[in-house]
Amino acid sequence: MSTLKDDILAALGHIAGPEGVSLPSTGKLSDIVVADGKVFFSITVDAAAVEAWEAIRGRAQKAVAALPGVQSVMVALTAERSGSAGSARGAPARPQVSPATRPRPGAPPGAAPSGIPGVQAIIAIASGKGGVGKSTTAVNLALALRELGLKVGILDADIYGPSMPKLLAIRERPQAIGGNRLRPIERFGMPVMSIGFLIEEETPMIWRGPMVMSALTQMLREVEWGALDVMVVDMPPGTGDAQLTMAQQVPLKGAVIVSTPQDLALIDARRGIAMFRRVNVPVLGIVENMSTFVCPQCGTRSDIFGHGGARREAERLGVPFLGEVPLDIVIREKSDSGSPVVATAPDSDHAKYYRDIAIRVRDGLATSSRPAPKIVIEA
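Take the position in the sequence shown, starting the count at 1, then add 76; the result is the number in the working numbering.
No wet-lab data here; the hints were simulated from the structure. For each residue, glycine too, the CB sits at the ideal point set by N, CA and C. Incorrect hints may have been included.
Pairwise CB distance ranges, derived in the manner of DEER restraints [unchecked claim]:
(1) R388 - A125: 40 to 46 Å
(2) E391 - C371: 28 to 34 Å
(3) I435 - I405: 38 to 44 Å
(4) L143 - E391: 54 to 60 Å
(5) G113 - G225: 34 to 40 Å
(6) E409 - A350: 16 to 22 Å
(7) E391 - E127: 44 to 50 Å
(8) A92 - K242: 39 to 45 Å
(9) Q373 - P193: 28 to 34 Å
(10) G225 - S413: 50 to 56 Å
(11) R408 - R388: 21 to 27 Å
(12) V97 - R247: 26 to 32 Å
(13) A350 - K428: 30 to 36 Å
The calculated DSSO-like cross-link candidates involving lysine-lysine, where the alpha carbons are at most 27 Å apart (straight line), are [claimed, not checked]:
(14) K81 - K138
(15) K104 - K242
(16) K242 - K227
(17) K242 - K114
Kindly generate the complete structure, drawing on both the sequences and the hints.
Here is the structure:
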């Protein structure tokens with residue numbers, strides 16, 4: 077009996093590359109990963125041939141999605157410059173940009189990226205470093221914006237460390253629509269999409285930059301988001317491919333920077349702010365997370381990570397200060413159980429912190445404008 081992987085290879089055998097060779101015979105396919113009906117593989121091509129291969133990537137994804145037993149498919153197109161001077165010296169090849177992540181065809185230089193149909197505003201929740209509570213802030217901020225009467229969706233763009241499956245207790249998989257689109261998971265009245273819905277929790281994402289860019293583009297463009305006032309994007313920490321892809325692919329209405337008050341975290345927060353400014357994305361403000369700790373038994377306050385550093389940094393850099401969220405066991409417990417505090421304890425003081433931040437973000441969105449991006453990517 078044939079396995080699903082055998083069926084996938086057979087289906088791909090009917091798809092020819094630009095030179096007429098069947099896809100499995102080109103030597104460009106990665107290993108095909110199949111787990112519980114979820115399929116992943118990449119196609120690695122020369123940078124000069126990337127235009128021709130994008131259509132083939134789409135046909136491959138559609139063919140595999142049509143197979144019995146396949147519940148979801150993600151096909152990444154990756155391309156790297158070969159034979160460059162840098163490669164000759166043993167330096168890593170520079171990642172190239174596939175057509176899916178280039179500016180739309182015919183767009184004039186400096187033109188704003190095209191939006192996502194039905195989505196009015198997209199905001200990035202970012203941090204310069206990991207471990208500052210960015211994802212917890214993102215999900216509670218999204219819920220608080222929804223409480224303000226907005227239609228909100230969440231995109232988990234942290235490819236290497238997706239958090240939404242845990243934070244929202246989502247274990248089901250997105251369903252395919254029409255072969256090459258996905259229906260997001262609904263939770264607390266919000267559509268949610270994450271790479272974590274498509275892989276096992278302990279599966280490492282050992283992906284190069286172009287694969288990350290391709291996956292993000294697919295989650296943005298090939299998901300039925302519906303009509304949204306705001307899409308909240310939980311970004312990976314740092315200032316790398318994912319941030320650049322988001323800035324180039326969609327007209328980000330603004331970015332919220334999450335930091336703890338300690339000097340080490342603030343150094344990285346400055347880098348995040350500088351990065352968004354460089355790609356002309358308005359910074360809506362800074363959130364100071366884990367701002368202080370109040371002992372639930374004795375009431376003693378302890379500034380474990382310091383206090384007020386993010387506020388001072390916001391004043392120094394001339395960006396809004398959105399508010400403080402304490403280090404609190406209730407927030408942590410509810411996040412770990414997939415029951416975010418804004419949704420499950422809306423009358424608590426903990427939820428009020430996020431609601432106050434959401435009001436400032438909403439007001440900031442009303443006055444935010446984004447100039448045409450000035451992004452240069454080597455091809």
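For K242 and K227, compute the direct alpha-carbon distance and say whether it is at most 27 Å.
Status holds; Cα separation ~22 Å.
Has the hinted range 26 to 32 Å been met by the Cβ atoms of V97 and R247?
violated (40 Å)
When you take the CB atoms of G225 and S413, is the distance between them in 50 to 56 Å?
violated (27 Å)
Honestly, do A350 and K428 meet the 30 to 36 Å range at C-beta?
holds (31 Å)
Below or equal to 27 Å on CA atoms is what counts here, so check K242 against K114.
holds (19 Å)
At the C-beta level, are L143 and E391 separated by a distance inside 54 to 60 Å?
With Cβ atoms ~57 Å apart, the hint holds.
May I ask you to test the hint 16 to 22 Å on the CB atoms belonging to E409 and A350?
violated (35 Å)
Could you check the hint for me, namely that E391 and C371 are 28 to 34 Å apart, CB to CB?
29 Å Cβ-Cβ, so the 28 to 34 Å window holds.
Do the beta carbons of R388 and A125 sit within 40 to 46 Å of each other?
violated (51 Å)
CB of I435 to CB of I405, is that within 38 to 44 Å?
Cβ of I435 to Cβ of I405: about 25 Å, so the range 38 to 44 Å is violated.
Please test the hint of 28 to 34 Å on the beta carbon pair from Q373 and P193.
violated (52 Å)
For E391 and E127, compare the CB-CB distance with the range 44 to 50 Å and indicate the outcome.
holds (48 Å)
When the structure is compared with the earlier hints, violations turn up for hints 1, 3, 6, 9, 10, 12 and 15 and for no others.
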